[in-house]
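Participant: Sequence:
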Amino acid sequence: MKFPIIRTAGLDGMLVTFSDALSEASNRATLAFCEAVKASAWPGVQEVSTSLASVFLRFDVNTLRHETLQERLWELLDQQDWLQAPLPGGRRLWQVPTVFGTELAPQLGEAADAAGLSEARAIESLGTARVRVLTIGFAPGQPYLGPLGAEWNLPRQTELTPQVPVGALVLAISQFVLFATTAPTGWRHVGQTGFRSFQLGSQDPIALRAGDEMIFTPVSRSDYDRFCAEDSRFGGASREEIPA
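For the sequence shown, the working numbering assigns the number 3 to the initial residue and increments by one for each residue that follows.
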């Protein structure tokens, strides 16, 4: 299959896909193309959102014909090589205090063994990785983050962990997920943060945007507890604008 491809999604949706697998380039294309579609402000387009490697558009079929929207999308796709497009502006870098391992994140050792690393080397690798918010999904405000190095291309567990808490940092297939809610998971729980990526009732309930970047900085349990006590929303995380 040659990419990108455009497909209809139901009666009022259209999907532009840049790859059948996640890569830095396909995610870059997705973020940049999504921003370009929004900037085009085509009448009738009601929603534009992204997944790992696709852009979804929902539109008013009484205002905009399928054929017309598809033609506009192809014209936009032909303007540049989206796999090498600059990332959109307005992104933030978040640095999040994180406890790796201990009873708070009990599967670090298992993940380290699977990656062929000691726990100390695993913490160094994971705690210095600068990862991108690839997409937000599964639960409100919940980010998928990556890509991590090839050593972290670990399969999901064969059985579910019954529950991980809000702020859990879990790992599989060269990605992190930072849990926005308490839920079961098939990914390994390697770190714990005080970061609340979704807070119902807040003026800005979803903290992260696709394209933001994050570093999960290793801290001690005592520092983690202090950060959480001082900052119940973000657990001591800091953020700064990423220069365009």
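In case anyone wonders, no lab produced these hints; they're calculated from the structure. Built from N, CA and C at the ideal position, the CB exists for glycine as well. A hint or two may mislead.
Computed spacing ranges between beta-carbons, pair by pair [as the list claims (entries may be wrong)]:
#, residue 1, residue 2, range
1, 188, 3, 23 to 31 angstroms
2, 165, 69, 46 to 54 angstroms
3, 188, 130, 38 to 46 angstroms
4, 40, 165, 21 to 29 angstroms
5, 111, 175, 18 to 26 angstroms
6, 159, 105, 15 to 23 angstroms
7, 115, 48, 44 to 52 angstroms
8, 127, 95, 17 to 25 angstroms
9, 160, 127, 35 to 43 angstroms
10, 48, 73, 34 to 42 angstroms
11, 49, 77, 19 to 27 angstroms
12, 244, 165, 32 to 40 angstroms
13, 48, 244, 23 to 31 angstroms
14, 204, 243, 34 to 42 angstroms
Participant: Now look at each hint and say whether the structure bears it out.
Facilitator: Structure-based check of each hint:
1. In this structure the supplied range 23 to 31 angstroms holds for residue 188 paired with residue 3, their Cβ-Cβ distance being about 28 angstroms.
2. Checked against the given bound of 46 to 54 angstroms, the beta carbons of residue 165 and residue 69, roughly 48 angstroms apart, stay inside it.
3. Residue 188 and residue 130 have their C-beta atoms about 26 angstroms apart, which leaves the hinted 38 to 46 angstroms range violated.
4. The hint said 21 to 29 angstroms for the Cβ distance between residue 40 and residue 165, and at roughly 37 angstroms that hint is violated.
5. The hinted window of 18 to 26 angstroms between residue 111 and residue 175 holds, with their beta carbons roughly 19 angstroms apart.
6. For the hinted restraint 15 to 23 angstroms between residue 159 and residue 105, the CB-CB distance of approximately 19 angstroms keeps it satisfied.
7. The hint said 44 to 52 angstroms for the Cβ distance between residue 115 and residue 48, and at roughly 48 angstroms that hint holds.
8. Restraint check, residue 127 to residue 95: a C-beta distance of roughly 19 angstroms satisfies the suggested window 17 to 25 angstroms.
9. Taking 35 to 43 angstroms as the suggested C-beta distance range, the pair residue 160 and residue 127 does not conform, at roughly 24 angstroms.
10. For the pair residue 48 and residue 73, the supplied restraint of 34 to 42 angstroms is violated, since their beta-carbon distance comes to about 19 angstroms.
11. Under the hint 19 to 27 angstroms, the C-beta atoms of residue 49 and residue 77, about 20 angstroms apart, fit the expected range.
12. Between residue 244 and residue 165 the beta carbon distance is about 34 angstroms. The supplied range of 32 to 40 angstroms therefore holds.
13. For the hinted restraint 23 to 31 angstroms between residue 48 and residue 244, the CB-CB distance of approximately 29 angstroms keeps it satisfied.
14. Take residue 204 and residue 243: their Cβ atoms lie about 21 angstroms apart, and the range 34 to 42 angstroms is violated.
Taken one by one, the earlier hints fail for this structure at numbers 3, 4, 9, 10 and 14, listed in ascending order.
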